[in-house]
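**Student:** Spelled out, the chains give:
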Amino acid sequence: MIPRDPTSDVDREIEDHIERRTAALVARGMSETEARSEARARFGDRGRVRAECVRIQRRRRRRSEFRTLVASCLEDGLSALRGFRHRPAFTALAVGTLALGMGATAGVFSVVHAVLLRPLPFPQPEGLHRVVTADRPTGVPVAPAAVTVWSEASPLWTDVAAFSPVRTALTGPDVPRILDGWRASASLFGALGVDFARGRSFGPTDDRPGAAPVVVLSHRVWQRDLAGADIRGRSVALDGVDHEIVGVLPPSFDLERATPDFVVPLALPPEQWTNPTPWLGVLIRLGPDAPPAAVADELRRRAETAGLDAGDGPSPRLATRPLADVLTEGLGSPLWLLLGAVGALLLIGCVNVANLLLARGTRRADELALRAALGAGRGRIVRHLLAESLLLGVLGALAALPLAALVAQGIRVLAPAGIPRIQEAGMDVATLGVTLLLGVVTALVAGVLPAVRAGRTDVHGVLKRGSGRLAGTPGGEGLRSALVVAEIALCLLLLGGAGLLIRSAHALSQVDRGFQEQVLTARLAVPASRYPALDDALRALDDVRAAAAGVPGVRSVEYTSRVPLAGNSFGLPVAPAFAPDDTEPVGQPRMRIATPGYFEAMGLRLVDGRLPGPTDDVEGNVAVVVNHPLARDLARELGDDASVVGSSIVARGGDFTDGSGAYRQWTVIGVVEGVRDDGLRAEAPAELYFLPRAVPPAPWNWIGREVLLTVALEGPGVDGAALRSAVSSVAPELALHDVETMAQRLAASLAVERLVRLVMTVLAVLGVMLAAGGIVGVVASFVARRIPEVGLRMALGASGARVTGEVVRRLLTPVVLGVATGLLVLRLAAPILGELLFDVGPADPLTLLGTTGVVGAVAVLAAWIPARRAARVDPIRSLTRD
Amino acid sequence: MTRTHANLLRGALDLLILRALHGEPRHGYGVLEWIEERTGPDLLLEEGTLYPALHRLEERGWIEASWGRSENNRKAKFYALTAEGAARLKQDVPEWHAFTAAVSRALGGEA
Numbered sequence: 016m017i018p019r020d021p022t023s024d025v026d027r028e029i030e031d032h033i034e035r036r037t038a039a040l041v042a043r044g045m046s047e048t049e050a051r052s053e054a055r056a057r058f059g060d061r062g063r064v065r066a067e068c069v070r071i072q073r074r075r076r077r078r079s080e081f082r083t084l085v086a087s088c089l090e091d092g093l094s095a096l097r098g099f100r101h102r103p104a105f106t107a108l109a110v111g112t113l114a115l116g117m118g119a120t121a122g123v124f125s126v127v128h129a130v131l132l133r134p135l136p137f138p139q140p141e142g143l144h145r146v147v148t149a150d151r152p153t154g155v156p157v158a159p160a161a162v163t164v165w166s167e168a169s170p171l172w173t174d175v176a177a178f179s180p181v182r183t184a185l186t187g188p189d190v191p192r193i194l195d196g197w198r199a200s201a202s203l204f205g206a207l208g209v210d211f212a213r214g215r216s217f218g219p220t221d222d223r224p225g226a227a228p229v230v231v232l233s234h235r236v237w238q239r240d241l242a243g244a245d246i247r248g249r250s251v252a253l254d255g256v257d258h259e260i261v262g263v264l265p266p267s268f269d270l271e272r273a274t275p276d277f278v279v280p281l282a283l284p285p286e287q288w289t290n291p292t293p294w295l296g297v298l299i300r301l302g303p304d305a306p307p308a309a310v311a312d313e314l315r316r317r318a319e320t321a322g323l324d325a326g327d328g329p330s331p332r333l334a335t336r337p338l339a340d341v342l343t344e345g346l347g348s349p350l351w352l353l354l355g356a357v358g359a360l361l362l363i364g365c366v367n368v369a370n371l372l373l374a375r376g377t378r379r380a381d382e383l384a385l386r387a388a389l390g391a392g393r394g395r396i397v398r399h400l401l402a403e404s405l406l407l408g409v410l411g412a413l414a415a416l417p418l419a420a421l422v423a424q425g426i427r428v429l430a431p432a433g434i435p436r437i438q439e440a441g442m443d444v445a446t447l448g449v450t451l452l453l454g455v456v457t458a459l460v461a462g463v464l465p466a467v468r469a470g471r472t473d474v475h476g477v478l479k480r481g482s483g484r485l486a487g488t489p490g491g492e493g494l495r496s497a498l499v500v501a502e503i504a505l506c507l508l509l510l511g512g513a514g515l516l517i518r519s520a521h522a523l524s525q526v527d528r529g530f531q532e533q534v535l536t537a538r539l540a541v542p543a544s545r546y547p548a549l550d551d552a553l554r555a556l557d558d559v560r561a562a563a564a565g566v567p568g569v570r571s572v573e574y575t576s577r578v579p580l581a582g583n584s585f586g587l588p589v590a591p592a593f594a595p596d597d598t599e600p601v602g603q604p605r606m607r608i609a610t611p612g613y614f615e616a617m618g619l620r621l622v623d624g625r626l627p628g629p630t631d632d633v634e635g636n637v638a639v640v641v642n643h644p645l646a647r648d649l650a651r652e653l654g655d656d657a658s659v660v661g662s663s664i665v666a667r668g669g670d671f672t673d674g675s676g677a678y679r680q681w682t683v684i685g686v687v688e689g690v691r692d693d694g695l696r697a698e699a700p701a702e703l704y705f706l707p708r709a710v711p712p713a714p715w716n717w718i719g720r721e722v723l724l725t726v727a728l729e730g731p732g733v734d735g736a737a738l739r740s741a742v743s744s745v746a747p748e749l750a751l752h753d754v755e756t757m758a759q760r761l762a763a764s765l766a767v768e769r770l771v772r773l774v775m776t777v778l779a780v781l782g783v784m785l786a787a788g789g790i791v792g793v794v795a796s797f798v799a800r801r802i803p804e805v806g807l808r809m810a811l812g813a814s815g816a817r818v819t820g821e822v823v824r825r826l827l828t829p830v831v832l833g834v835a836t837g838l839l840v841l842r843l844a845a846p847i848l849g850e851l852l853f854d855v856g857p858a859d860p861l862t863l864l865g866t867t868g869v870v871g872a873v874a875v876l877a878a879w880i881p882a883r884r885a886a887r888v889d890p891i892r893s894l895t896r897d
Numbered sequence: 025m026t027r028t029h030a031n032l033l034r035g036a037l038d039l040l041i042l043r044a045l046h047g048e049p050r051h052g053y054g055v056l057e058w059i060e061e062r063t064g065p066d067l068l069l070e071e072g073t074l075y076p077a078l079h080r081l082e083e084r085g086w087i088e089a090s091w092g093r094s095e096n097n098r099k100a101k102f103y104a105l106t107a108e109g110a111a112r113l114k115q116d117v118p119e120w121h122a123f124t125a126a127v128s129r130a131l132g133g134e135a
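Chains A and B, in that order, give the protein sequences. One gets my numbering by counting positions in the first sequence from 1 and adding 15 to each. One gets my numbering by counting positions in the second sequence from 1 and adding 24 to each.
Hints may contain errors.
[Claimed, not checked] Once the Cα atoms are required to be at most 25 Å apart in a straight line, the calculated DMTMM-like pairs of lysine to aspartate or glutamate come out as: (1) B/Lys99 / A/Glu344; (2) B/Lys99 / A/Glu34; (3) B/Lys114 / B/Glu83; (4) B/Lys99 / A/Glu615; (5) B/Lys114 / B/Glu61.
Just so you know, these hints were derived from the structure itself, not from any lab.
This is chain B alone, in the form it adopts within the complex (with noise of 0.2 Å):
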């Protein structure tokens, strides 16, 4: 994987996560299903890797953890979006649009 690709990979995984707890804390697990239901099994090839980004998320105050209780009362750490996360989701979804529509767009033209 070149670096671009990563960073470009990390960037759509960090505005992902951002999606997925808007409205609705999750634990991480939740947090990957909310991606797989949308974008299919196969966009995280290994699952690990979502934990790093979430604690730099965290580490960024865009998202806080606490350990609470799931819906089969089994202990996990919640993360919640916070305020600042939240602003943040809404200045990077238009953001997003406008570059990968703008990438597309290119591709496009030369395909």
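Chain A on its own, in the form it takes in the complex (with noise of 0.2 Å):
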């Protein structure tokens, strides 16, 4: 026995011993006062046995009712898995409806959060910055003068790094291995916050010009290339330079592309801290609470106070990113769209189970009501059921583990590369508990209304109607209405973003390109360290041409330092020659160089003027091209009547002057047309063409040396190898790197898109193959519970036709309300949707129309094949059934 109040019941099991004590000491003639004290005298504490028999009671009650609750739950589990084996149909429908849409689910999720949740592997990644301007998001070349005066001490943040993308060939006795560092000033160890296991970071004495060359490797670099070695007195030769290795960075800052495979001093000469040319990258560390709207203005105030341009004028302001941000740019619409639409999916799979539960309950009307009637409370009946879908939920779950493993490495390998982190998704502990929480999640979702609607059930009503099979238990149609809304809005939401999605891929396919896409690009760079004069190594990039023109197959061999969809570069201040130097720049239009022949390579339009020719390719030329955009803005300064072809410009920079200090004047030769050079979505910004020895030579070491070839081809394509090796032959220490055509760089820059598209369609696909697969079910519910009326009525004289026709008219209510909050809900999503659209606005009648036209197709299909077997009722059958 566990008594309900331990404490009253100890008492009087207390006083009952003393009243028994005192009457047996008053039987050997005590007088009645003083037996009772001895009583309690003999008693001893009686708080103390009191607290210690009631705390012993509660515990055991506590015990006693956990392992009720434990027997009754698995009771509950037991008799829902018998359940489930004696229906294995509906059991396997459930389950793998419901392991479809959690598997999609956890695998995008997976990806989600390798890239875009976990936060960045360096101490405190929330404070890391980079310094960009509203239209480099990722980026914005700073001048050198600039991170000088940043340099100087404030509260606002802790460390400015400086830096910039170096590509350079790591030699030994093998083949060389091109490599992508950094050079970068000594503060980018303490910004990043890099805890040198192994070695350790730059001195103050290794970041000067001449100082002993000093490399950094990354971990990855270092298991790769030198197998793990130990580094203490090491060197490894790049470009034939050798460099003491003095560290290796913690594994954890190997992220893909985003960083590099070493790091090397930046190094550069002290005047060049004054140069006001932008050039550098800058990552900033910002003080723990520096709101980084101030450490923004801060940057601004002290370049302008230097006299820089701070991003006032024409170009946008300075501002600060988190890196974190900044390396996964592009990527949150498109993940958090994908995990928005398996989302959809898999709430579809969960009105289909709510649907299946609902139907199996109205069948089980007879059992549940009988149940009740033999004392079953109604929580017993809810729990019942609910504990029936909480274990097709965890059953779903264990079922979708391998398929989220499957569509997570799917994703993996159809990502392009480059993706920081995305290689790392897969079942980690993060996703396994999503998971299992979404199975939890899911049942909850797909039983809770079903149970709660079964443990209301009228006991009176079922047992007395026979088995109710006359009208259906009341109270399920609005359910079911409600059901085939949800199953609509979902299904068009699916059906709307892919049909979105794949206007939006036609209108890219329609883009002008402004370029050759049948031109085959590779790398090649030209280092100091092999060429020390600049005239050496322009020889040798026209020995280059020389040597791979002739392979078969190949029209023209030219080079340019940066080719469309290649990324930034650096931009230059140009203002038309007789704007004094104090005025605002026209604009800062990205610096190329190119060999005259390079325009027609590549299939730049010529809009204005000539094309420069080998001729004008001398030291000292002052030609250079424009492209439209840049020529409507010069266009702008220069007047009305004033030709663009012909005028003169400077380019404001450092580098860019005669031997008087004054701006060095160009003559604009020619305009060709923009070029898409940040991808298809994007205008085409202003660009400045330089000739490769008409060009001052400090560009050429910005650019590291380093060049595009572009070889224009007569037929479908060209032996890469043979390429190779006629490059080999005339200079075996040059590689060339990245052979792809302009058409795989272009795939390249869509490939997210892409991937995106192909996600969705295979979604949208399965969701209407779902929700129409939950339309069938519910039709047939409702028509099978009215079997008996309606062959009542046929027996009257309703046609066939009528019949069906009534049934499927009143799905039409639910299919309109449906319709319309898919469309509303679409709506809603617009803005992340919006991103990802080219010329197709969100709301795009032609998409939204077709996508209603195929939803309401589909769904007065499903629920036209089971109506149409009511209208073939028999009609004495049907009424006789019972």
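Combine the two chains into a complex, taking the hints into account.
**Tutor:** This is the structure we're talking about:
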């Protein structure tokens, strides 16, 4: 026996003991008062005894309640399992539907988690920012002079690090391997928060011109190329120059292409630190509580004080942006959209399972009513049904795990290279947890309404009516209609999203690229370490061009500092020559160095003036080519009647001055069409083309003496190996890298959206199938419960077509409501969807109309199939079925 | 009282309670009377210590409690031996004899 109130139970027991002892003492001749106090004395510390007894009883009760709960849950679970065994088709359908949705959701979640949600593997990653502007959200080039004024101490930040990408060949006994590194100031490691497990950071003497060359290697390069050997006293040859390895970065700093293969000191000559030409990337470590807006204000203020363009003129204002956002630029919208889309698929599955449970609950109305009549409380029945759906959810989650791993792997394989950390997506603890959580939540979402409804079953009604087959249980219609509304809305959402993406892709395919796609491009560096004189380097490039031009299938070989789509490059402030030096420049066009034949080879169309010829490419020549966006900006400054072609302009860079310190004047000889350099979605930016020998030597160093060969092809393709051997025949120490056509570059630039479109389309097809299946189920169970009624009406003369029409018509309201809801939600998703669309609004009428049509047709078809069955009912049999 | 002494005493008390309830349910005072009759009045200096022992035995499932009426028609909480408690008693009594005999032998030899 467990007492309901242990305190009073124990009190009564103790009181009884004292009474009995008193009575015994009185019987031996004591007086009543004496006996009572003697009895109390003999009992001892009553309070302690009482407390201990109560404690024991309370413990007993807790344990017993727990045991009862476990036992009844176990019983519910076992009985649910038994139920599943007797209905394998129902169970497989429900578990399979849930597993499909949960597996897809968990798989996409693992990618979102790996790429977007996990903090960067740096100490206090939220304090690490890049210096950006609105039109260069992933980092804006900064002048060394600005870095100098920013590097003075501030309460708002702790470290300012400048870096510049550099590409070198790791030379050794084997074939040279190209590494992508950074030249960086020593403060980089402090800003990143590197704790050197091996070796050290740069010392103050390392970051000076002429210092003995040192290098810090990334963990991946140290492992791959040095087999993780002891670095003490070791050197590596970069472009043939020995660099002492002073340290190795921790493995957590390997973020695909986002982090460098190696870091060498920036080692700028002191006079360079006042150079106002922007070309350095800047990382800044904010103080613990520094507001980013205040940091940006202070950066601008210091730049202005130093007489530098702080981005207040025609170019946008400087700001800082968390490194994590910079690294995942352009990935947030697509990944969240995919997660939303798989979530919609999961919800459709959820609705289907809810409908299955509801239908089953109706069929089991007799059993449940009987149970209730036999005394099972409403709570007991609800719990029994919930246990059933919970078990379905957990089974679904277990079945979803391999599917989730498969989805994550599929995305990893299809994803374009270089997305930081996407390759780490997989079944980690977080994904596992989310999958199981999804199982529980889905089960509750799918199970709670049917369970509550079943718990409310009217016992008398069901038992009295025989079996409730004549009219079905009351209240089911509204719930079923709501399920149809949800199915239609979700289905429309998926189909609409996919439709918009497909339309957008079509619009993109119609965009004028402005360049030839059948041009082969290849990286080639002529490093200063091998060709100290720029003339020699340019001659080597000419030799390579001549040799490659002899390869069969090659029409011409030119080169440029950057081909379209190859990413940002240096911006140069440009102004008409007549404008005073302190006026605003007309813009900061991207600086290009290109051979005279490049324009024709790349297919850049001439708009005005003439293209340069071989005679223009000589030292001292002032001929430049501008592209149309730059020409437009210049024309505004020059006035209406002046022609851009033939006008004189200046590039306001410290390296573009003549002997007297004045800016050199350049003459525009031609205008070419703009190229969509940042991908097909963005308008063509302004560009300024210099010829290789006419441009001052400094820009050659900015680009690291690296060019892209552009090989115009005669036929469909060319043998890459033949091209390589042609190059090494004239310059054995030079090697071609990243050999790919412009078409391939274009495809790579569109890879993320192609992936999103593909996945969305698959999801939309699955969603339509699931929703159609769900509607068939709803209508079928509706029809099944109406068969006696339908039979009666047909016996009274209603035609089969009329009965079918009526059933389908009943679905009209939920379908219209579903379409409206779906359109509304699609409208709410417009901001995120709009970011992925090109030239198509998120409310594109054609797409939405088409989608609505498809969804409506599918719904009607899904309703018609079971409805037709109703019309074939044999009136006699249906009426005598009971 | 040392810990060992307390444990020894508790073991003895548990055994005495089980023995007192063997064959006949009793209330707490009845158990005390049974023990006093056989051991003299001084074994339990504080009668209250009986009750935590009873409740603990109940928790272990060796005895079970229920409220009933005693000989003079007073309400009282009665304890009865369960099957498990009976088995325990059967096993523990010989063990106790062996134990005390061994201890006495050792102490007697020393004295």
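**Student:** Run every hint past the structure and note whether it holds.
**Tutor:** Tested hints:
1. At roughly 81 Å between alpha-carbon atoms, B/Lys99 and A/Glu344 are farther apart than 25 Å, so this suggested pair is violated.
2. Restraint check for B/Lys99 and A/Glu34: satisfied, since their Cα atoms lie roughly 12 Å apart, inside the 25 Å limit.
3. Between B/Lys114 and B/Glu83 the CA atoms are separated by roughly 19 Å; this keeps the pair inside 25 Å, and the hint holds.
4. Only pairs whose Cα atoms come within 25 Å are accepted, and B/Lys99 paired with A/Glu615 is rejected, the gap being roughly 113 Å.
5. Under the criterion of a C-alpha separation no larger than 25 Å, the hint pairing B/Lys114 with B/Glu61 is consistent with the structure, at around 22 Å.
This entry does not satisfy hints 1 and 4, going by the numbered hints stated previously.
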